[in-house]
Structures are given as structure tokens and as C-alpha cells.
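Trainee: Each chain is listed here by its residues.
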Amino acid sequence: MQNKPRDNIFMIKIEQLHKSYPIGKESLHVLKGINLEVKEGEFVSIMGSSGSGKSTMLNIIGLLDDHDKGKYTLDGELIQSMDEVKGAKLRNKFLGFVFQSFNLIAYKNAWENVALPLYYKGVGRKERKIKAMEYLDKVGLKPWANHLPNELSGGQKQRVAIARALVTEPKVILADEPTGALDSETSDSVMKLLRGINDEGMTIVVITHEHDIAELTDRIVLLKDGQILSDEHTSTYNNKIKK
Amino acid sequence: MKFLFDKDTWQEIYGAIRKNKGRTAITIIGVMWGIFLLVTLLGAARGVENGFNRMFGSFATNSVFVWGRATSMPFKGFQEGKRVRLTLSDIDAIEQELPEIMMTVPRISTNSLCSNGFKAGTFEVFGDYSELDMVQKKNLVYGRFLNKTDILEKRKVCVLEEETYKQLFDKDEYPIGTMIKINDTNFKIVGIYKKGAVSIDSAEIHIGYSIFQQLYNRGENIDYMFVTANEGTDIVQLEADIKLLLKNIHKVHPEDDRALGSFNMGKEMEKVTSFLTGMQFMTWFIGIATLIAGVFAIGNILLITVKERTKEIGVRRALGATPRDIRNQIVMESVFLTSIAGMLGIIFGGIVLVIIDSLVGDEPDAFMVNPTINIPIVLIALVTLVTLGTLIGLIPAGIATRIKPIEALREE
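Chains A and B are the protein sequences, given in the same order. The first sequence begins at 14 in my numbering and counts up one residue at a time. The second sequence begins at 2 in my numbering and counts up one residue at a time.
Hint data in this document are derived by calculation from the structure and do not stem from the laboratory. Where is the CB? At the ideal position from N, CA and C, for every residue including glycine. Please note that the accuracy of each hint is not assured.
Said to hold, decoys possible - Which bits of chain B does chain A cover? Going by a derived footprint, with three or more residues having C-beta under 8 Å, they are:
1. 10-17
2. 309-317
3. 320-334
My request is simple: use the sequences and hints to build the entire structure.
Mentor: Structure, rendered in C-alpha cells:
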């Protein structure tokens with residue numbers, strides 16, 4: 014990575030990315046030449062209505078799916094069609110996921126859920142617990158460490174999920190509709206939490222279809238029909254809308 | 002293999018199993034029942050086999066006993082109803098004709114009044130050779146059986162069956178060396194034996210053949226002959242050969258089936274053996290079939306579990322679990338469940354065998370003796386079970402590894 018210093022400026026760099034899905038004999042062209050650069054420490058939202066291709070973007074950025082054409086560089090590492098094992102390792106190392114429906118494991122309590130990525134990273138049990146507790150404390154849920162997910166409120170669950178995303182100290186946090194299942198008040202507090210994490214230098218990419226949420230980030234990438242419609246700072250974007 | 006000894010692996014498995022108690026219990030019961038049946042049935046089969054062996058164990062199983070009766074057909078000028086009297090020369094004749102005979106032991110018997118002081122009774126007295134001990138091993142309580150010198154020197158010694166001894170002696174009175182009167186002649190007791198559940202004689206008192214011959218004036222006539230064949234002889238064929246030969250000697254119609262009585266130990270034993278073989282085959286069949294059904298049930302339940310846990314598996318994959326991690330976990334869950342179930346089944350089977358054993362007791366005619374199962378068989382069953390558990394676990398594990406995180410995480 015050191016011999017490619019130019020790429021290091023960007024945490025995520027996507028050039029001319031294409032992706033299509035086969036549907037029967039037809040093929041659905043979802044992403045039609047995306048160019049996107051995200052610097053380290055940015056707080057970006059990718060916005061678009063359903064069918065705009067934002068979920069596909071997330072899957073590709075999140076290494077959950079591979080792309081057909083184009084170039085994707087994550088933290089200076091060129092991502093090419095990779096096997097499942099390598100994908101798993103890179104996800105574990107670079108990325109933290111936050112999902113709409115939290116996706117906590119129902120039979121594990123809060124700290125065990127937070128500690129799970131560390132297990133797959135091969136961290137010892139004692140250290141796992143210390144780290145998990147540290148991050149639970151960070152999201153303000155230390156007293157709930159031994160509670161099962163169904164004993165927590167929606168906002169609390171999402172905080173646990175955020176702690177889980179942070180625990181491996183990833184390069185990028187990918188949040189897929191992180192507030193989709195929350196009321197507006199809890200949504201705000203979750204977004205504030207993400208803002209705080211961003212202030213500490215973490216790169217965060219939020220996928221959402223809500224303007225209110227997108228407005229709480231620094232930069233909005235508007236996606237429509239598999240192409241980037243606009244890519245502006247939030248203030249500029251807001252001004253445009255008001256006009 | 003490292004993951005096997007990793008505490009964390011087991012913690013993950015323990016977590017998944019503990020949190021799904023109902024599912025785990027049902028899974029375990031299926032396999033447990035299978036191995037429980039196998040252990041219990043095999044143990045019971047062994048018990049029955051032991052029981053039969055104890056009943057027949059004292060016999061040389063390739064023996065046939067022959068005695069003379071009355072003819073039912075006229076032949077060569079003789080009326081029907083002629084008494085067939087076997088003699089010592091018959092023994093020489095059949096031994097000469099039939100080389101597969103290992104030995105032939107004659108016997109003569111009569112009822113006699115016997116007394117020990119004031120205690121007296123009429124008992125059946127047998128004149129026997131010491132070789133009788135080789136046809137049916139006597140289970141001696143005290144002393145010894147008749148020996149060659151007793152016969153040769155016409156010693157006045159006798160061996161009592163335990164019941165006879167009880168009738169002629171006080172309780173706990175040591176009989177060896179005491180004299181009893183048989184037909185007004187004093188005989189010294191040299192041994193007491195206990196009759197088995199299956200016995201060739203209703204014998205009560207045995208004395209030497211030679212002294213019997215002299216005392217009762219029997220001459221060459223004998224009452225029974227016990228023929229023991231060499232190893233590997235077809236005892237049924239031998240019985241027919243002996244009878245035909247004897248009929249010839251005694252001028253009996255060859256098709257007269259009532260002139261000679263016989264009891265074929267080998268034939269009886271064969272029936273029992275084939276019954277036991279059949280029973281054991283059935284036991285294995287039932288046990289293994291149930292085991293396989295149980296293992297399939299585990300596979301089935303894990304398969305459902307994998308479907309149920311699609312999302313969980315997807316999350317794990319998104320958090321950095323490799324397909325191998327997922328596969329190992331599912332397979333280990335299967336192996337763990339089958340092993341636990343197997344061990345529980347063996348333990349419960351063992352307990353049931355212990356209960357059966359204590360219920361049946363240790364009576365001499367108990368139909369079951371020591372219902373046990375060999376440790377190697379148990380271990381083989383357990384290893385087979387765990388292997389099957391692993392193999393069957395691979396099916397749901399394979400499906401689990403094919404789950405792509407995006408599919409699992411797609412919002413419904």
C-alpha cells in the first residue's frame with residue numbers, strides 16, 4: 014500500500030463501476046458507471062428512492078457483492094473478484110456494518126453481540142469482553158451489557174449494533190438505513206452518535222432515502238436510476254432545494 | 002483441527018444450543034432413543050443367550066442319548082410289543098461301525114430303598130461310568146464325581162444329587178465320607194452335585210457301573226447309551242445311523258420309529274442357536290435402523306435450523322465469518338448433539354440393563370443371565386454415531402455456507 018501514496022488520499026475510490034443482475038433471460042443494469050471518491054474522515058450519505066441502486070452500492074462497497082466492470086479501491090487496496098474467505102477477512106478488517114433491522118443475534122446478550130466480530134478476528138475471550146464493554150460504554154449502554162436484544166428498545170438495539178460495528182476499529186462504517194426502524198427522536202440521537210464517531214475521525218457512509226437523515230451528514234450523493242445525479246456538500250444541497 | 006480444542010468454538014456451540022433448548026431436546030431424544038434401544042436390546046439378547054448357555058452349558062452339545070422301548074411293528078417272526086434290550090455289545094458294534102463317535106457311555110438304573118440312619122426313601126439309582134462327567138459336567142457342591150478306579154475296583158462309593166442329600170441328611174451336615182445304605186449295602190458318599198435347569202437324568206444317586214452290574218445282577222443289559230460325537234459331526238445323521246444299526250442288531254423293522262427312544266442334544270441346541278442368531282440379527286437391525294432414523298432427524302432439524310438462522314448466518318458472514326467458520330459451527334453442533342445423545346442413550350440403556358438384571362435375579366432357571374453389552378460394541382456404536390452425525394451435519398452446513406450475506410440481510 015505504501016507504494017501507492019496517491020490512492021491513500023481516498024478511503025473509497027470508485028471508477029466507472031457497473032453492475033447488472035440477471036433476471037430470467039434479461040439482465041437488469043442497476044449501476045451504470047458510478048464514480049465516487051470518499052476521503053478519510055468524511056460523513057457521506059448516499060440517497061435515493063427505492064430502485065435507484067443504493068442498496069447495490071452498499072453491497073459492493075461493503076464487499077458483500079462483486080462488481081462487473083470498473084475499479085473499486087478500498088483504503089488503497091484494489092478490490093477484484095475475490096473468494097469468500099478473503100471477502101470475509103477484508104470485511105472484518107476494514108468495515109463495520111449497521112443495519113436497518115439491527116440484526117443482533119437474539120440469543121446473545123449485548124456485550125456478546127458486540128464481541129462477535131472480534132471472535133471471527135481471532136481475539137481472545139478476555140480481551141473481547143474488555144473491548145466490547147469499552148465500546149458499549151462509548152454508546153452509553155454499559156449498564157445494559159448483560160441484556161438480551163429483546164430486552165432493549167429500538168434505539169438501544171441500534172446503539173449495540175453501532176458498538177458492534179466499531180469494535181474491530183474498521184476504516185469505514187457502512188450504515189444501511191440506520192434509522193429506518195426508529196422514531197424521529199431516537200433517529201436524531203442515533204445520528205448524533207454517528208456524528209460523534211465521525212468527529213473522532215471515522216469515515217461513515219450512510220445509505221438512506223430520507224432527506225432529514227441525509228441532511229445530518231456532511232455530503233449528499235444523490236443516486237437515481239443507477240447514476241449519480243448530484244454530489245454536493247449538504248449546505249449547497251440544501252440551498253438548491255430551497256431554491 | 003485447531004478449532005476443535007478452541008474454547009471459543011465450544012462457547013459458540015454451547016451458546017447456540019443453550020438458547021434453543023426445545024429444539025436441542027427434541028434432537029437429542031431421537032438419537033438417544035436409537036442408541037438406547039440398541040444397547041438395551043443387545044444387552045437383553047446377550048442375557049437370553051447367557052441364560053440358554055447356562056441351561057445347556059454343562060452338556061456336550063454334540064451328544065445323542067438312546068434307550069430301548071417296545072416295538073410297534075412285527076418283524077422277522079417277532080410280534081409287535083417286543084421289548085428292545087440294549088446291551089454292552091451294541092456299544093462295541095456302533096463304535097466299530099461309526100468312526101465319528103468319540104465315546105459311548107452306558108447306564109443302568111433301578112429304584113432302590115436308601116437310608117441314612119432313620120432317614121430313608123426310595124430313589125432312582127444309576128450305574129454310571131466316570132466318563133458321564135464328560136457328557137454332562139456335574140456341578141459339584143462337595144467332593145468329586147465317580148472316577149475310573151471306582152469302576153475298576155468296584156468300590157462301594159456313591160454320588161448324590163443335592164435334593165437326595167437334603168432328604169437323607171440334616172441341614173448343614175457334611176456328607177462326604179459318611180455311609181448310606183442302598184439296597185442293604187453300605188456305600189460311602191464321595192460327592193454331592195447340583196442339577197442344572199436342563200438335565201439328562203432324573204438321577205438321584207450315582208454308583209459305579211461295575212458295582213451296580215454285580216449288585217443287581219444286570220449282566221450285559223444296559224438301559225441307556227450316551228453317544229458323544231467328534232467335533233463337526235452331523236449329529237442328526239449320526240442319530241439316524243445309530244438307530245438303524247441298533248434296529249438291525251435287535252431285529253426291529255427299519256421303519257419302526259417307536260422301538261428306540263432318543264434325545265438329540267445337538268438338534269435341541271441348534272434350535273436354540275438359530276433362535277438366538279435370529280434374535281441378535283433383529284436386535285441389530287432395529288437398533289441400527291432407529292439410530293439412522295435418529296441421525297436423519299438431527300440432520301433434518303439442523304436443516305430447519307439453518308433456514309431459521311439464515312439471517313443470523315448472514316450477519317455472522319457480514320461480521321467477518323468465513324464459510325469455513327460457519328460450516329465448522331454447524332457440523333460441530335451436529336457432532337456435539339449426537340455425542341451427547343449417544344452417551345445419554347448408553348447411560349440409560351445401561352441403567353435399564355441393571356434394572357432388568359436385578360428384576361430377573363439369579364435363579365438357576367432365570368431366562369436371562371447377566372444382560373450385558375460389550376464395551377467395544379458400545380464404543381463402535383458411539384463412533385459410528387458421531388461419524389454419521391458429522392456426515393449428516395455436512396448437509397445443512399453446506400447449505401449454510403452457500404448463504405450469501407446479501408441474501409440473508411435483504412429486508413423482507
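Trainee: Could you run down the list of hints and mark each one as holding or not?
Mentor: Each hint tested on the structure:
1. Check on the segment 10-17 of chain B: 4 of its residues sit with their Cβ under 8 Å from a Cβ of chain A, so the three-residue criterion for coverage holds.
2. Coverage of a stretch by a chain is defined here by at least three residues with a beta carbon nearer than 8 Å to that chain's beta carbons; for the segment 309-317 of chain B and chain A the count is 5, and the condition holds.
3. With 7 residues having a Cβ less than 8 Å from any Cβ of chain A, the segment 320-334 of chain B passes the three-residue criterion, so the hint holds.
In this structure, none of the earlier numbered hints is contradicted; all agree with it.
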